[in-house]
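Undergrad: Residue numbers (our numbering), protein chains in the order written: chain A, 1 to 155; chain B, 1 to 309.
Please note: incorrect hints may appear among the correct ones.
[To be verified] Which bits of chain B does chain A cover? Going by a derived footprint, with three or more residues having C-beta under 8 Å, they are: (1) 262-276; (2) 285-293.
[Stated by the list, open to error] So, partial list: chain A residues that the calculated Cβ filter (under 10 Å) puts toward chain B: (3) H18; (4) R29; (5) T115; (6) L122.
Hints are computed from structural coordinates only; laboratory data are not their basis. Computed from a predicted model, the values in this text were never measured in an experiment. For each residue, glycine too, the CB sits at the ideal point set by N, CA and C.
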Amino acid sequence: MSEMRRVTAICNGTVIDHIPAGHALQVIRMLRIDTNRSNPVSLVMNVPSDKLGRKDVLKIEDLELSQEELDRLALISPHASVAIIRNYGVAEKRVVELADELVNVASCTFSNCITQNSREPLPQKLRVVSREPMEVRCYYCGRGQDLDEIVENIL
Amino acid sequence: MSDVVTMDDLTNKEIVSILDDAERLVPVAKGDVPLPLLEGKVLANMFFENSTRTRMSFEAAMKRLGGSVLNFTSVGTSVAKGETLFDTMQMVDGYADVAAIRHPQQGAAQYSADAVGIPILNAGDGAGNHPTQTMLDLFTIREAHGTLEGLNVVLVGDLRYGRTVHSLSHALVRFGATLTLVSPESLRMPEEIVSDLREHGADVTETVNLDAALPDADVIYMTRIQKERFPDDDEYSKVAGIYMLDSSDMASAKNGMIVMHPLPRVSELHPSLDSTENARYFQQAFNGVPTRMALLCRCLGVKVPKKVK
Numbered sequence: 001m002s003e004m005r006r007v008t009a010i011c012n013g014t015v016i017d018h019i020p021a022g023h024a025l026q027v028i029r030m031l032r033i034d035t036n037r038s039n040p041v042s043l044v045m046n047v048p049s050d051k052l053g054r055k056d057v058l059k060i061e062d063l064e065l066s067q068e069e070l071d072r073l074a075l076i077s078p079h080a081s082v083a084i085i086r087n088y089g090v091a092e093k094r095v096v097e098l099a100d101e102l103v104n105v106a107s108c109t110f111s112n113c114i115t116q117n118s119r120e121p122l123p124q125k126l127r128v129v130s131r132e133p134m135e136v137r138c139y140y141c142g143r144g145q146d147l148d149e150i151v152e153n154i155l
Numbered sequence: 001m002s003d004v005v006t007m008d009d010l011t012n013k014e015i016v017s018i019l020d021d022a023e024r025l026v027p028v029a030k031g032d033v034p035l036p037l038l039e040g041k042v043l044a045n046m047f048f049e050n051s052t053r054t055r056m057s058f059e060a061a062m063k064r065l066g067g068s069v070l071n072f073t074s075v076g077t078s079v080a081k082g083e084t085l086f087d088t089m090q091m092v093d094g095y096a097d098v099a100a101i102r103h104p105q106q107g108a109a110q111y112s113a114d115a116v117g118i119p120i121l122n123a124g125d126g127a128g129n130h131p132t133q134t135m136l137d138l139f140t141i142r143e144a145h146g147t148l149e150g151l152n153v154v155l156v157g158d159l160r161y162g163r164t165v166h167s168l169s170h171a172l173v174r175f176g177a178t179l180t181l182v183s184p185e186s187l188r189m190p191e192e193i194v195s196d197l198r199e200h201g202a203d204v205t206e207t208v209n210l211d212a213a214l215p216d217a218d219v220i221y222m223t224r225i226q227k228e229r230f231p232d233d234d235e236y237s238k239v240a241g242i243y244m245l246d247s248s249d250m251a252s253a254k255n256g257m258i259v260m261h262p263l264p265r266v267s268e269l270h271p272s273l274d275s276t277e278n279a280r281y282f283q284q285a286f287n288g289v290p291t292r293m294a295l296l297c298r299c300l301g302v303k304v305p306k307k308v309k
């Protein structure tokens, strides 16, 4: 059974396909859909996929993801396919690309890092040091974080 | 950029070239030969945290080369009034040609380097990096062994918070050193650093046993268990005094093995060791002067003459 039959098609919005199985909830948190928005969201988890074996799919109604949001998505799901839907049709396909540096996406966790000093006018900068498995390090202090920690420390 | 924030800012070739410059500058560092290479230049010594050797040797290095020094401490300045590091560094950008910065927070040196136009030398940021110390450590090792290649180096003590060993271990593996990391469980080298060292192909062993590591060592690098980095006295007293060396321990050492220490020491090096041929820590402290001279010249784009007379 394909996932299209599990959830109805959306009129306008974004479909994120090929999310690694079990990671859709992290994507929702990462995109701050759980706290900052009231868009209807349909979520399909652990469905069969030719490409990944199993995958998750998200359909977010009435929202077109921005480039900044796509960059966040890249952290969890660098191989996701993103389609912008308008009037029940695919209007655009967007490419998810993980940058080498993430600015103001997640904060450093180290209590003695200069970035913890809220009065200093500096951005949170994380360098991507490994993509599989995902590992980032603070540009300033070098403290590492894995994917679970990044999701915890999302800004 | 001519900043030196971490050892990654210097290639192996640059490291060797700076050490060669430093070697030629030794008579100048001792005051035997006048050489005003940095006349008219100003160094800002920005010390937001205590220091004896680093601050003084930077000052001696600049003055021996004919330059002058602005000394800053956070006590009695606008930092005490709440001025940000960013603002403080903007001011320094206008007052000096180069700055050495020590700060209790990790990443402060990188932040400063990004914030200003003048070259920044990291003189220690929290438990992060201390590359100018590493340069003088490498100088001391090369002086004793004639090479940096393929040595067996044992790093001992507080490897978790000790910034000198963080920078030094990175540099040593680039020259093919075998590293033995000796520390109590609670003060092991941070995981990120050990995994970086191994990724560079380094042969790294972690142990709590110093006695077993001693006989094969070319260099023993002792560090102080830093009381000020512990959250409470109980945690500190569990590990204080765990590693100590005295002159009798030198009997099992290889010929030519040297004992180093970034100083200050507490109890880890017994005074009986001071008069042995192995002890190099006071020489190491002096080496901070010619090494920092060479680093200041590099940052300011001044060439050290091939012959210093």
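Undergrad: Run the structure past the numbered hints and jot down the numbers of the failing ones, going up.
TA: 1, 2, 3, 4
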